[in-house]
Amino acid sequence: MELTVGPIQFFWRGAALRDFYARLADEAPVDRVVLGELVCSKRLPFYRTEIPQAIERLQAAGKQVVLTSLALITLKRERKLTAELVDMGLEIEVNDLTALAYLPEGAAFSIGPLVNTYNEGTAAWLHARGAARICLPPELPSISVAAITATCPAPIEVWGWGRLPLAISGRCYHARLHDRAKDNCHFICDADPDGRTVDTLDGQKFLAVNGVQTLSAACANATHQVTELRDAGVSSLRLSPQSQGFMRLCSDFRALLDGRSTAEAVSRRALPHAPGGTYCDGFLTGDSGVAWSQSGYGPA
Amino acid sequence: MELVCPAGTPAALRAAVAAGAHTVYCGYADDTNARNFPGLNFSRAEMEQAIAHAHDQGAKVLVAINTFPRAGDPGPWHAAVADAAAAGADAVILADTGLMAHVAQHHPDLRRHLSVQAAAANPDAINFYAEAFGVKRVVLPRVLSVQEITAINREIDVETEVFVFGGLCVMAEGRCSMSSYATGQSPNMNGVCSPASHVSYDEEDGTLAARLGGFTIHRSGRGEPAPYPTLCKGCFTSDGRTGHAFEDPGSLDASQLIPRLAKAGVSALKIEGRQRSRAYVGQVVRAFRAATDALKAGRPIPPGTLSALTEGQSATTGAYAKTWR
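Protein chains in written order, with the working numbering: chain A, 12 to 311; chain B, 177 to 501.
Because the hints were derived from the structure by calculation, they are not lab data. Careful: at least some of the hints might be erroneous.
Calculated lysine-lysine pairs in the DSBU-like style (CA-CA distance at most 35 Å, straight line) [to be verified]:
#	chain 1	residue 1	chain 2	residue 2
1	A	Lys87	B	Lys312
2	A	Lys87	A	Lys53
3	B	Lys236	A	Lys216
4	A	Lys91	B	Lys236
5	A	Lys53	B	Lys236
6	A	Lys53	B	Lys472
7	A	Lys53	B	Lys498
8	B	Lys498	B	Lys472
9	B	Lys236	B	Lys439
10	B	Lys498	A	Lys87
11	B	Lys498	B	Lys312
12	B	Lys312	B	Lys439
13	B	Lys472	A	Lys216
14	B	Lys498	A	Lys216
15	A	Lys216	B	Lys312
16	B	Lys312	A	Lys53
17	B	Lys439	B	Lys498
Owing to the predicted nature of the structure, the values given are computational and were not obtained by experimental measurement.
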């Protein structure tokens, strides 16, 4: 099984981003890195100049580099950005089907987790259209994952780690929490490098906001499903970047996939840096997404 | 301007048609449609009769088959399409790419509308669905301003339909798994959001706690109304502040925007509420038919007749006004 590092979902400014990809190139035993802006086009000017350097460094380290589209493309400026993305000559990860419209015949692309690939019919259509790989939506239970891998010739990837992307909106919740509108946001989402936690009225950490995106407060952790997913024919796991302990996490996942570690050991060691401080794997087990299949580290 | 009205039951469909609906949308009683609530929706026989009745009265019927087929089990979705076609449906409303490919191949003459659950939010996406699957109409997601809708209509050849009244999703539709995160029941896979089966109200120290999937997302004092705990309309705390982090309870009322939507090139106005009673449907449809008739006659839209019907008694024009964001 391979490891893919997903795009940074949060707003990290230039230096943090530069350091992250430099370390990823040097230290992380992963096969593929998806980078670029997924959530909010307003963030891109703050780190755009870092991207060519990051690509070069990751490629020199032998990683496959893929560029993500935005998750929700509405503005003219965002459509233009999508068109420019295609000109960079790298594989594009489509996270809004809009990006398909910009791909010239034969251009390399894959399908990201924010495209609704819920079944083998859609997977087959995307494969026929040329998708090199499909990362399934995190909401799918492993029984559906197996039904798709059983018939889809394209390699299938599953969300392995990180706060779950649960929703995307036209409205910016970070701005709203600061009594601002999206057009006057002051880029305050940069204060929360792993998202801003939103609690229930009983004080349980429940969700996390990240600009126009809403995530789970808990950190998804598929370590206990690795064997089942591998047996089902899943070819790669996606690890979603977090601000602390990520390089070690990549090494731990590699060790787990190679049989040099256990799900329990990886989960125990990674907990202090896991966003939200609790784990969930309920989407994979067919439970509510917030559920955790093991006895420790789950929801309080 | 075509008025597209909801019907969760055959009685509601007759009420909508009697109240002046140009078109009614409804679904089969299973998880192939996005309002899969207990006691709601149509059997095969009911759908055939409903379509015949609507056609007799000069109204159209659209069948919503707008959830995402279960992996390994596409049968119920394919059957719903085939049965809708056989029953004489004027169009099917679809969200899943694979299902659209299936319909385009096996039922090429059946008119295809793109569901709001596909969240096609720009001209490129809309043109893509039109070219790839022959989609004739797109229901626009509720994330767009009137200005953006105008711009979209300039760049596409297919019709657009927009929501004007009822429940308001604050997230891009079909791209939200908050409900299944909390309850295991998903709009995309099960056709339900914040399901009643996972709601509880508990009296605690003089307050009423409203919970969804065990998560407390509203508390009301004695005598205060206790709203239904829909996830994105709930109360949450972040950094010491408590409030409606996502959206205030309330619902969409864009009736006053109808002239601007018409000018924006919109072909059809959609009313949400297949879960609503036939009395509600009749009342809302009558009011909106009066509004579309006023528009046609060049008269101003009659104001404020629907305020008593909006959830929590407050109404918003949502994303149609850019400041909502």
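Each hint tested on the structure:
A C-alpha spacing of about 23 Å is found between A:Lys87 and B:Lys312, which places the hinted pair at or below 35 Å, so the restraint holds. Only pairs whose Cα atoms come within 35 Å are accepted, and A:Lys87 paired with A:Lys53 is accepted, the gap being roughly 13 Å. Between B:Lys236 and A:Lys216, the direct Cα distance comes to roughly 47 Å. Violation of the 35 Å bound is thereby established for this hinted pair. Distance restraint check for A:Lys91 and B:Lys236: the Cα-Cα separation of roughly 39 Å exceeds the 35 Å cut-off, and the hinted pair is therefore not satisfied.
Pair hint A:Lys53 plus B:Lys236 does not hold up; C-alpha atoms about 43 Å apart against a cutoff of 35 Å. Straight-line distance between C-alpha atoms of A:Lys53 and B:Lys472 comes to about 41 Å, which puts the hinted pair past the 35 Å bound. A threshold of 35 Å between alpha carbons decides the hint, and for A:Lys53 with B:Lys498 the separation of about 16 Å falls inside it, so the pair holds. About 27 Å separates the Cα atoms of B:Lys498 and B:Lys472, which keeps this hinted pair within 35 Å; it holds.
A threshold of 35 Å between alpha carbons decides the hint, and for B:Lys236 with B:Lys439 the separation of about 24 Å falls inside it, so the pair holds. With a CA separation close to 15 Å, the supplied pair B:Lys498 and A:Lys87 stays within the 35 Å bound. The hinted pair formed by B:Lys498 and B:Lys312 meets the criterion: a straight-line CA distance of about 27 Å does not exceed 35 Å. Straight-line distance between C-alpha atoms of B:Lys312 and B:Lys439 comes to about 20 Å, which keeps the hinted pair within the 35 Å bound.
Only pairs whose Cα atoms come within 35 Å are accepted, and B:Lys472 paired with A:Lys216 is rejected, the gap being roughly 52 Å. Taking the CA atoms of B:Lys498 and A:Lys216, the gap is near 31 Å; set against the 35 Å cutoff, the hint holds. Taking the CA atoms of A:Lys216 and B:Lys312, the gap is about 44 Å. The hint is violated against a cut of 35 Å. Between B:Lys312 and A:Lys53 the alpha-carbon distance is near 33 Å, which keeps this suggested pair within the 35 Å criterion.
Our distance criterion of 35 Å between C-alpha atoms is met by B:Lys439 and B:Lys498, whose separation comes to about 17 Å.
The structure does not agree with the numbered hints 3, 4, 5, 6, 13 and 15 stated previously, though it agrees with the rest.
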